[in-house]
Amino acid sequence: MYKILKAEFIAPNVKSFILEAPHIAKKRQAGQFVMLRVHDKGERIPITIADSNTEEGWINIIVQGLGKTSAHLNTLETGDHLQDLVGPLGLPTHIENWGTLVCISGGVGTAEALPIAAAGKAAGNRVISIIGARNKDLIIAQDQMAEVVDEVRISTDDGSAGRHGLVTDVLQDLMDEGIKPDMIVAIGPLPMMEAVSNQTKEIGIPTMVSLNAIMVDGTGMCGACRATVGGKTVFVCVDGPEFDGHQVDFKELGSRQRMYKKQEEESHKCFLERQMKKMKAEQMKEEVPA
Amino acid sequence: MKRERPQSFNTVPMKERLTIPRQDMPEQDATLRSANFLEVNLGLTPEQAVIEAQRCIECKNPTCMEGCPVNIKIPDFIQLICNEDFIGAAKKIKEDNSLPAICGRVCPQETQCEEICVMGKRFEPVAIGRLERFVADYAMQHGNGSEEIFGKPKSTGQKVAIVGSGPAGLAVASDLIKEGHAVTVFEALHEFGGVLVYGIPEFRLPKAILREEVATLETMGVKFVKNFIVGRTMTIQELMADEGYDAVFLGLGAGLPRFMNIPGENLNGVYSANEFLTRSNLMRGYEFPEWDTPLYRAKHAIIVGGGNTAMDAVRTSKRLGADEASIVYRRSEEEMPARNEEIHHAKEEGVKFMNLVNPIEFIGDDQGSVIAAKCLRMELGEPDESGRRRPVPMEGSEFIMDVDMVVIAVGNGSNPLISQTTPEIETNKWGNIVADEDGRTSMDGVFAGGDIVSGGATVILAMGAGRKSAIAINDYLKAKVRSSA
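Residue numbers (my numbering), protein chains in the order written: chain A, 3 to 292; chain B, 18 to 502.
Isolated chain B (complex conformation):
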C-alpha cells in the first residue's frame, strides 16, 4: 500500500530550511549531573521542536522511515509538529510505536532514521529522536494516552501469554490488545519493563516514564502479572493446556551475564554489569541505606567493555562518588558499539577512557576484595569475522593499576531457564531460541523475539522483532479460529 504524502504545514521556504541550525537539547550541567541520578537530557522546548520540525525538507521518498525498525511515519508526525499539533503528532507515532517516550530516549537514531535523513548528507540530519521524545512527553503531560486513539476493539475471545515485560513483550502486548485478544504479560521480577527497569539508569530513562507507558497499556486492557517465572511457577505447556492460552510469546531477554574467565573474577568488588546496574536501578542501591540493597561506592572503578551498558555502568559509578571511573576497552573508540551521545556524555562527566587495554587478571587482598587489575596494552590487527580490526596484545606491555571495583560489561549469554524446563523449544549452540523471521519457534503456538533470539541488541530492535511476531501471532490465532469453526 502506498503511503499518501502528509499535508504540509511547513511555512518556511525550502531554501531557508537548510540554514536553520539543528536544535540542541537542553541538558543538566555536566558537573552537577555527575553527582545526581536525575535525567541528563531535559527535552526540547515547544518552540525548539517547531523550529527543528521546520528543518524537514519533506522528501518525496522519505528514507528516514526505512531506517526505523518499526517504520514510524516520520514525515507525517513532523508536519503535525510544524502545525503545533503535538498531541496529533504523538498519536501518529503511536500508530506504529507504543513506547515513544522510551524510544525517543534510548534508540540509536544516529545509526537508524537520522543516519539516512537526506538533510544529513550535506547538513545535519533532522533531530528525529528529540522530536519523538518531545511529543511523547508532551502527550503524557497532557493526559493523552493511547487508549483514546484506538478505542476498545471487539473481543476475539482468544488469550495470549507474553513472557517478559521488556521492550519486545510490551510491543507485542500493545499490538495484540488492539486486535481484541486477551493479553497477559508475565514478569519474573517485581517491576515491569525488563531491561528498561533493571538495566537502563534513571538518568537516561526515568522510571516514572516507564511506569506511565506500562499504565497506558493497562488502561488499554493488558493484564500484568509480576513475580511469576514461566518455566518455574508455571510451564509453557501448563499455560496453554491448563490456563487456556492460545498462543505464547517469549520475550525473555538475554539474561545470563558473560564473564571473561580470567583469574580473580570472583573477588568481591567484581560485578557483572547486570548485577551492578540491577542493584542500582531496580533495587535503588544508590539510595542505600534508605533502600535496603547495598552497592559498592568505589574510589577507582573500571568498567570493562565499550557498549551502552558499559557507559551506563561507568556513569553510574561516577554518580556513586568514584574519584576515578574509567572505561577499559580492548579496541579503539572507533569500534565502540556505544551510542555517540553516551560516549560524549560520559566524557563530559569526567569518565576516563582507557582504550586498547585489556585486563588479564584481577588481584585481591587477604579479605578477598579486588585491589588491582593486571592489564595488557593492545593494538589493532587484521579485521576479524565481525569486520572490526582484531585487538592484539602488545609484547611487554603488561601493567598493574589500583582499582577497588570492576564491572564486567562484555555482553550476555542466554538464560537457561526455558530450555531447562521446555526442551521442545529448539535452541542453538549459544542457547538462543531458534525462531524464524516472524518469531515462530519449534513449538506450535509459541513465538519468540528480542535478545533471547538475536543475542544482545537494542531496545528498538527487540520492539521491531516483537511487532513482527505480533502480526504472526494474530494470523496464527485467526487461522486457529477458522480451523475450529
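Isolated chain A (complex conformation):
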C-alpha cells in the first residue's frame, strides 16, 4: 500500500496528491509518469508526475476526476492509501538550450508542463508559459509556473481571465509581437495539442507533445497505448510519452482514447450509484444515533 501524505482540491474536480514514494522520487525526471491502482479490483492508469522531493521521498500528481477511476481516486484523503503505485515510466523529456521555449498547457496539463518548463529554464532557455482553460476557476499551477518561467500568459474560453480565446490565439499574439519561439512544448487535452501542432507546423516551429494514451501495464508489454507517429506505430509507454507533434496522427489517437467510452460510462455510473448509497447509509446512521 502506498500512503497519501497530502490530498487537497486545487480547482473544481482537480485534486493534488503528495504520495509517499522514495524510490520513484529519487529516479524521476521531467516528463515521466507512474501507473497506479486505487483499489484491489481497480484498473491501472497512467498519471504524469508533476513534482517530487528526493529528501522527503514523495512525488506529486494532479488528478482531474473525469472517469470512474479518477473520480474514485479524488475521493481519497490525506492518510489514505493507494493499492498500487509503480514508476517512474516513460522516457524523460529531452531538454536542451533551444533559445526561446514556449510551454503551452491546458487543464491539468499545466501541472505536467511545470517540471519541463523548470528544466527548460535551468538549461538556459527563455521560457514563456501559455496556460489555457475554459474559465478562471479551472486554471491550476499558475503561481508555481510564474516562479520558474520568464513570463506567464493566460487564455480562457469565456474571457474570465487573461485573453478571451484559445492558447493558439496567445501564441499568435506572441509572434505578432515579434517573439519567435525556437521550441514549443504542448501538454493538455488532445484537441489543444492538435491545434497547436497544426499552427506551428505551418510556420515551422518544432513542437513536442505529451501523449495521453490508454495503457494497461505501462512497460511495453501490451501495446494498448500504440499511436501512429510519422506513419509508424509507436508504444507511448516505452517510446514516449513525448513525440514530435507534427508527426502524430491525432485523429487515430482520439478515436483510440474513446475505445471504451461506453464501458467507462457504465463503470462510472455504477460507481456514482454506489457512492450515493454509501452517502445515504451514512446519513441514516447520523439520523438514527445508536
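Hints may contain errors.
[Stated by the list, open to error] Within a straight-line C-alpha distance of at most 30 Å, the following computed DSSO-like cross-link-like pairs (lysine-lysine) qualify: (1) Lys90(B) / Lys5(A); (2) Lys253(A) / Lys8(A); (3) Lys253(A) / Lys316(B); (4) Lys90(B) / Lys446(B).
[What the hints assert, rightly or not] Chain A residues, not near chain B, derived (Cβ > 12 Å throughout): (5) Ala23; (6) Gly89; (7) Ile156; (8) Asp241.
Keep in mind that the hints were calculated from the coordinates and are not lab data. Every residue gets a Cβ at the ideal spot worked out from N, C-alpha and C, and that includes glycine.
Put chain B on the given structure of chain A with help from the hints.
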C-alpha cells in the same frame, strides 16, 4: 552420478500393465465451460492416479527423464504413486521442480516426457503430466509445502536479485533459497507470476494455484517485491553497488507484442494477445464492471496465430460471449505450434478454425472501430528455414469477412527497458539478451534466462533455463567468497 533404480511398488504383472487403458482426466462439459472461466480439467481421482501409475513398465533406462527439461525423476515418483504415497511423490518431484502444480497443467508433455515414453511406442504413453498435476494438487490440499522437504539451509550471507517473477525467476528463486542465499524477486506488475498470471487464463491455470506456489516460496524465505521496475525504479548497477546484491538474474520474459504491420491494425477492437489476455487474466476484465478494467465482448472475434497464446485468446473470447470465435492461421493445423490438448479443447468449445488464411487489412467504420478483415487464402509451398512448409498466397483468393474484434497472437519481441537503461548488457539484433548456456551475460554477476534470451518459448523451457542459471549463480557466488577470503 548413476541414479539408483527406485523401489518398485507396482504389484500388477508386467503383461497386464500393457492392457490397462490410459486414464482420461475428468473435465468440465464443453458447452458448460465455454461460458465460464472455471478450470477445464478437473484432475485424476486418487484411484485413477494409482491405475495410471501402474501402467509404467519400469524401464531399465527410463527415457522419459531425458525428455524433461528439468529432469524430474519420473519413474521414482510414479512408483510412489503405486504405493499410494502421494505426498512422497510430490516431494520427489519437488527435488527437481518447484512448481509441479503449474507444470502439470501447462507443460507440453506430449512433445517432452510422454513423447519418448517407451509405452507410447506401441500403446499410449503413461500420462506423466496428469500424474504430476495430481500429486502436486494432492500435496497442496494436504498442506505439504516444499519448506518441510528442504528445511532451513545455513545462510551464506549473499544476496541475489531476481528480476521478473515468471517461470524462469521462480525456478531460480527456489533453487537459490535452498542454497542459503538471500533471494529477492522484483516484479513490475502488481501480482506475481509473470506470464502465468497475465498470460495463461484462469480456466487453464487457476490463479489460486499460482498464489499457493508463490506462498510456498515465501515460506521458504524468498522475498517478493511488487510494483518495482528494475531499470526504472532502480537500475541493475544500483542494485549491485548500492543495495549490495552480489548477483542478478534477469527473467524478464518476451515482453513486447509483435504486430503484422498491415493497414488498420490500430483500429479500436484490434488487440495484441498480450493486451487482450492481460485485461482478462490479470485485470479480470471478464468481471467488468465489478472489476474496473473494460474488455470488448465481441460477437465475431478472430484470433490471428496458431500457438498456445492464440488458443488461450480464442477460448477467452468464446467465454466472453462471442457467437463466433475463430482461429485464423496462415498454415495448416499440422504446423500449429499449439499443444494438441489446447486445439482439441478449443474445438470442443465451438471454436472455428480457418486455416491457410492470412489477413492483409482490417477495415474500420467512421468511429475507428474494426468491422471487417480482408484476407487471402494460402497454400503450402516449399519448406522455409523453420523446416515448416512456407505459406504462399493463392491468386485471386481475396475475401472480406465481418469481424468486430481481432486479436493478434503472432509472438513477442523483446522489451527494450533493460537495454535502454543498461547498455553494458549485450543484446542481439532482435533485442534478446545474449547469454551463454549457463545464462552468463556480458555483465559480471548478471545472468539471464527464459524468453528474454531464447525468444518466445514455453513455461518449462524458461524454468529449465532458470535452473541452469541457478547452478551458475551458485558457483559464481562460491567463487566470489573464496576470492575475497
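Which of the numbered hints are not met once you compare them with the structure shown? Of the numbered hints given earlier, those the structure breaks are 1, 2, 4, 5, 6, 8, listed in rising order.
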